[in-house]
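Undergrad: Protein chains in written order, with our numbering: chain P, 1 to 305; chain V, 1 to 325.
Just so you know, these hints were derived from the structure itself, not from any lab.
The beta carbon of each residue, even a glycine, is placed where N, CA and C say it ideally should be.
Certain hints may be false.
From chain V, some residues computed to sit far from chain P (all C-beta separations above 12 Å) [what the hints assert, rightly or not]:
| no. | residue |
| --- | --- |
| 1 | 59 |
| 2 | 183 |
| 3 | 310 |
Now the stretches of chain V that chain P is said to cover, found in silico as 3 or more residues with beta-carbon under 8 Å [as the list claims (entries may be wrong)]:
| no. | region |
| --- | --- |
| 4 | 66 to 76 |
| 5 | 81 to 88 |
| 6 | 99 to 113 |
| 7 | 141 to 148 |
| 8 | 269 to 275 |
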Amino acid sequence: MLAYWNRIKIENELIYLFLRNPVAQVAALIATISILGALFAPLIAPTDPYDLASFDLLDSFYPPSWTDGGDPRFLIGTDDQGRDLFSAILYGTRLSLLVGLSSVIFAAVLGTSLGLAAGYIGGRFDAVVMRIADVQLSLPAILTALLVDGIARGILPREQHEDLLLVVLTVAIGLSLWVDFARTARASTFVERNKEYVQAAEIMGLHPVRIMAVAILPNILSPLLVIGTVDLAVAILLEATLSFLGVGVPPNQPSLGTLIDIGTQYLFSGEWWIVIFPSATLIFLIVSVNVLGDFMRTVLNPRLR
Amino acid sequence: MLGFIARRLLQSIFVMLTVSLLAFALFRFVGDPVAVMVGQETSIEDQERLRDELGLNDPVITQYTRFLGDLATGNFGFSYRTRQPIGEMILDRMPATLELGIVSLLISLIVGIPAGIYTALRSDGVLSNAILITTLIGVSIPTFVIGIFLIYLFGVQLGWLPTFGRGGVVEIGWWKTSFLTIDGLKALILPAITLGVYQLTLTMRLVRAEMQDVLNTDFITFATARGIDYRSIHYRHALRNSMIPVITIIGLQFGGIIAFSIVTESVFQWPGMGLLFLDSIKFVDVPVMATYLVLIALIFVIINLIVDILYFVIDPRVRLKPEAG
């Protein structure tokens, strides 16, 4: 009961501090708009960038509608293939958020369960998990992600690779992020393991899995939540980077990274809008997630206040 | 002391063995080496003979130990794509990446440490908050976007700096350096800033956090109570104690910089190892991928080992707690 009560109190505190932090509010607003835009992209977007029939090469390189030579049909202009940039960005944000969220969830589930089990069981299992984590830590995130992608390219036949690209991307990014979750979960579990409520559950003869999932997990969630938020920003950044490097989503699927990649090729000839708008969207999205992560870290770690 | 180093060394060797196992698996099981090496018309028998000659029919353990031996003697095999020996390819490109990395690290430390100290000491000042907000944005702007806009501003609009390549290089033995020509130094500026910005923000935030932690400790309170002036407290007592973890940061950052130079090298067409690795991913050039993997892990492990030993030498507290490592 006490554990639940404490959680409710923290949540109330979260809301209390949130209402007094205008920066966090703006960030939450931007994040909400991005998420809503991504969710309802098919309803909001004037055209469907996946539908080849919906755009025309003749419409390519229209500048934003308020500038000279702009077309009112294309609010912020078109790209090199005549796609409406506004629609492409909406769908791109959708893809970026989808990959970002699913890879963080993947990393969180993998890392938390390994860390929780390592902390609770201890001994040899703990040693093995932590050594694997050491190895993982000696490979920077971007390298892991690139490697997983490269391996997938080598193993899967070409067509299958295209189909599974989003899954490959999710696994690639997720695998590079799990260690933070594992280490934090393990450290918190070490603290919780010796508390009375865990001993009580053990004496009651509950199954270890149940003790970990039902008793310990809720008590170690808050630091994991902070990592999750911070990692979401990292994951979105990684996805954009991989796509920009040409090893992420294929160029015919608009993601923010591929749009920026395309835009870069035309920036120097004066078509600035193709790179500016996707970059701005990406930066706003990541800044807002980072601000929220920072805010949560400060709230949940009283030492920083 | 010796026990500590021995334990760390063992751990490092374990990491390297695991990474090499990974690299071996990559090399052996991703794609078929024989299929890549021979043409379409080679008969099955010839392929089998080649397989035998290459020792691909030996037990996996034998193959792995041979692979380890090859790695240890610097025999990394040949690239599937260019057919060149990989050792040469990497050695040829390593100076470019290392020089870029060192300059970025310097930028990150020279700007990041003072900024971190300043924001820790004046945590409520206007300038502090401005710096903090700037760094939050700095963390959030993708490296490639920073690179593109630097190129656009300084390369295309103002025309001050070159936008790709290394400029002029001078060869000192096999090491091609761009430090010795004006041209080369100019070419270094934009990529180094691009690569350094993210690390800079990290350095600043970590120095700030560390300094704030130290300022809250009892011995600082005690020093204040003794009436020691603030300048001395801040710079002699607090700064010294918060610099110890900064060594770790520098170490870890250099590894991160080498890895992240993949992105910067791609934006600036910088002829370093990162670009080589990126190409190897795109063309599934497995031997190059495997070698790069081992190399990066080795750099990381060596840096970590040095950092840990330095830590041990510099900070007496670590020595007093034998179990802390």
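Undergrad: For every hint, state whether the structure bears it out.
TA: The hints, checked one at a time:
no., hint, result
1, 59, "holds, 23 Å"
2, 183, "holds, 21 Å"
3, 310, "holds, 18 Å"
4, 66 to 76, "violated (count 0)"
5, 81 to 88, "violated (count 0)"
6, 99 to 113, "violated (count 0)"
7, 141 to 148, "holds (count 6)"
8, 269 to 275, "violated (count 0)"
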